[in-house]
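K.L.:
Residue numbers (my numbering), protein chains in the order written: chain B, 516 to 594; chain X, 141 to 343.
Calculated directly from the structure, the hints in this document are not laboratory data. What you were told as hints is all true, and nothing was included just to trick you.
Here are the simulated BS3-like cross-link-like pairs (lysine-lysine), alpha carbons at most 25 Å apart as the crow flies:
id : chain 1 : residue 1 : chain 2 : residue 2
1  : B       : K587      : X       : K233
2  : B       : K587      : X       : K210
3  : X       : K217      : X       : K166
4  : X       : K337      : X       : K272
5  : B       : K580      : X       : K233
6  : X       : K219      : X       : K174
7  : X       : K337      : B       : K551
8  : X       : K232      : X       : K217
9  : X       : K272      : B       : K576
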Amino acid sequence: MHYHREQCLAMFEKLSEYIDNELDEVSCKDIEKHAKECIQCQACLETLKRTIEICRESESKPVPKLFSFRLKELIRELS
Amino acid sequence: MPSKSKTETRKDEDYELIAAINSGRKNLFYQLVKRYEQRIYNFGLKMCRDITDAEDLVQETFLNVFRYLKNFRYETKFKNWLYRIASSVCIKKRRRSKFAPQQELSLDDFIPGDESDIPQEIPEWAALPLEKLLNRELAEIVNEAILSLPESYRPIIVLRDIEGFSTQETAQILDISPANVKVRLHRARLFLKEKLKSYYEHA
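Next up, chain B with everything else stripped away, as it sits in the complex (with noise of 0.2 Å):
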């Protein structure tokens, strides 16, 4: 880590931006590059990735049933 201490700050900067594919090519490649390298780096994307796909499989919970027969009637009420 300490001989690439830059390169790895760096690319921690621009880790979001590569997950979501708003970087260059050029700058994908570097950080492909230095990730091969660097354990830390490669955890440190890798942890980030999996943190992303957490929050993406987040479930979706129902309406509780009281409100949403209140909030029907409120919209037949103004229509």
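Keeping the supplied structure of chain B fixed, place chain X upon it in accordance with the hints.
P.N.:
Quick look at chain X alone, frame taken from chain B:
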């Protein structure tokens, strides 16, 4: 950045229904509510924790939609317009409820520093297949982590990583710059990553 005309011509599945409502068939409005009620309720739960607050958010959002639907100009997807209203209801509620100082997250706080923090391999929770991790307890941990985010970061991660809006769309919904969305999203994700890391290390 996508051109405006491209956005305008994109087919929106709600346009037909909105046109019908705006032409006088107000009784169709409930169909629009039904389409998005659950999504806005879940957005509310992620944003304000409390079930009653989430219900208030849904009700106030749809009352505003009803009031302003005539002004909808078909220049954006209805869904984006709806979330713009829901987000603004949320911000107004927050201002009314209590004084909450705006806390900022610094990138420096998330840079792994000392030697003990340096992993020698990819942690198991990032290496295992995703389905092996997902369970009710993890869902609760993530919910709590999102709710503990400073309020100016929370809507960004909810819109981007839970609701699936793009950077550009999130920027339009929250009326901030795409660069601001990116900066805040990255910090919010790092914040959640640290929470998950600490959960798995102590599990």
